[in-house]
Amino acid sequence: MTTQVPGDALVSLNAVNKHYGQLHVLKDINLHVRKGEVVVVIGPSGSGKSTLCRAINRLETIDDGVIKIDGKELPAEGKELAKLRADVGMVFQSFNLFAHKTILENVTLGPIKVKGLSKAEADKDAMALLERVGVGHQAPKLPAQLSGGQQQRVAIARALAMKPKVMLFDEPTSALDPEMINEVLDVMIQLAKEGMTMIVVTHEMGFARKAADRVVFMDGGQIVEDATPEEFFTNPKSSRAKDFLSKLLTH
Amino acid sequence: MDVIIDNLPAYVDGFLRTLFLSVVSGIFALIFGTLLAAARVSPIAALRGFSMTYVEIVRNTPLTIAFFFAAVVLPRLGVTFQQFEVAAIIALSAYTSAFIAEAVRSGVNSVPVGQAEAARSIGMKFSQVLTLIILPQALRTVIPPMINILIALVKNSSVAGAFYVLELFGYGRQLANANGDAVLWVLVGVAFFYLLITVPLGYLANLVERKVAIAR
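Sequences listed follow chains S and U, in order. Everything in the first sequence is counted per this note's numbering, starting at 200 for the first residue and increasing by one. Everything in the second sequence is counted per this note's numbering, starting at 9 for the first residue and increasing by one.
Hints listed in this document are in silico derivations from the structure and should not be mistaken for laboratory results. Since we're looking at a predicted model, the values are computed, not measured. We treat Cβ as the ideally placed atom computed from N, Cα and C, and that holds for glycine. Please note: incorrect hints may appear among the correct ones.
In silico contact screen, one side only, chain U against chain S (beta carbon under 10 angstroms); selected entries [unchecked claim]:
no., residue
1, Asp21
2, Gly122
3, Gln123
4, Ala126
5, Arg128
6, Met132
7, Lys133
8, Gln136
9, Ile141
10, Asn214
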């Protein structure tokens, strides 16, 4: 299961390195994600998992190595990069909904301004997406009027509105109150079932068990383990993964 | 006080000239200043460098030097004007735009970085991120310092009086020379007409600020 041909990967990282000054945050990362695969990235804080996620749509630059989306190498800057980013949906820990736009406008802005859809078309798609994530009735409100869980579901809808090839989730539930985590995870599980390619950085082990095809465990900027959830949670190979899991399960 | 009433046409003429200089320079400064701020945060290093150098030089030298350049140096380089007003507008807009650029830049910096990241992640180009997401949100924090800068611009336009432009302050000087016994009242009149522009600007600031706050 864990071996895959890099050639048919939708997202592939080859020998990716990144430094923050002295700190080596990504060490020789190799990761290949096929179409329809759900990969959950876990690890202690500071392990580089968020940086990895953000590097995939070049919100973080890398020092060396190659990142390819659907066979195309990430362009450096400018129009080409913008075009590629439109194909990669991203959901942030802090939602980052556009504060001065309504919920509906948050979802339609990309399709209208980037894809050139008409307002009527974009509105129709957006309403369908908002209904799907369960916040259709909130469409005319401003982001600040919604709960965190609702905002994050809108953020997922905003990313989906671009019809991305792959969705990146950077700790999507870490800023949420406990009772709101499930409403966001439910949307993500649904998305995974529908065959969306997803890379999810999270601390939600329940989600990893339920929805992941593969679990990637990172520590100290390295991928330490890459296994099925079954393998990883029942029989972790590395001592660091064992240590990490034991700390999680003691409470 | 009679001196003001007797010379009302001169005051009004000067007032209108000052208003004209301020409004035209203000518009140019807002446009150029915003472009400078955009250059300052752009991904292109050369633009950032140009903007930074321009702002640092212009902001840290006296306005009189800007006037001197526009009125004396530019004509020597072959850029001639029919009227000195043009030189005054160039000097005032060039000078004020540096301050506008800094105000807009601080406003841009006040918008959480996640807003720009989210906009980039749905495929927006730099220009779209700036005009659709960042600048509208920066507006609220930018309005108060912006109005201060524009008020300073109105008062700075008095420097034009020393460069052959007969605006409010220029007339004031003429009137003071002609009415040596009523200099105090001449200056009170000048101050009054300046206040006629600057005080409403302050009120406008409050109004706009409240409006933008609701829209958020």
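How the hints compare with the structure:
Hint status for Asp21 (chain U) relative to chain S: violated, with the closest Cβ pair at about 44 angstroms, above 10 angstroms. Proximity of Gly122 (chain U) to chain S holds as hinted, the smallest CB-CB distance being about 4 angstroms (cut-off 10 angstroms). The beta carbon of Gln123 (chain U) comes within 6 angstroms of a beta carbon in chain S, closer than 10 angstroms, and the hint placing it at the interface holds. Residue-level restraint check for Ala126 (chain U) holds (minimum Cβ-Cβ distance to chain S is 4 angstroms; threshold 10 angstroms).
Look at Arg128 (chain U): its Cβ gets to within about 6 angstroms of chain S, closer than 10 angstroms, so that hint holds up. Taking 10 angstroms as the C-beta cut-off, the interface hint given for Met132 (chain U) holds, the closest approach to chain S being about 6 angstroms. Interface restraint check: Lys133 (chain U) against chain S, minimum CB-CB distance 5 angstroms, threshold 10 angstroms, status holds. Evaluation of the Gln136 (chain U) hint against chain S yields a held restraint, the C-beta minimum of about 6 angstroms falling below 10 angstroms.
Interface hint at Ile141 (chain U): satisfied, since its Cβ lies 6 angstroms from the closest Cβ of chain S, which is below the 10 angstroms cut-off. At a threshold of 10 angstroms, the smallest CB-CB gap from Asn214 (chain U) to chain S is about 20 angstroms, leaving the interface hint violated.
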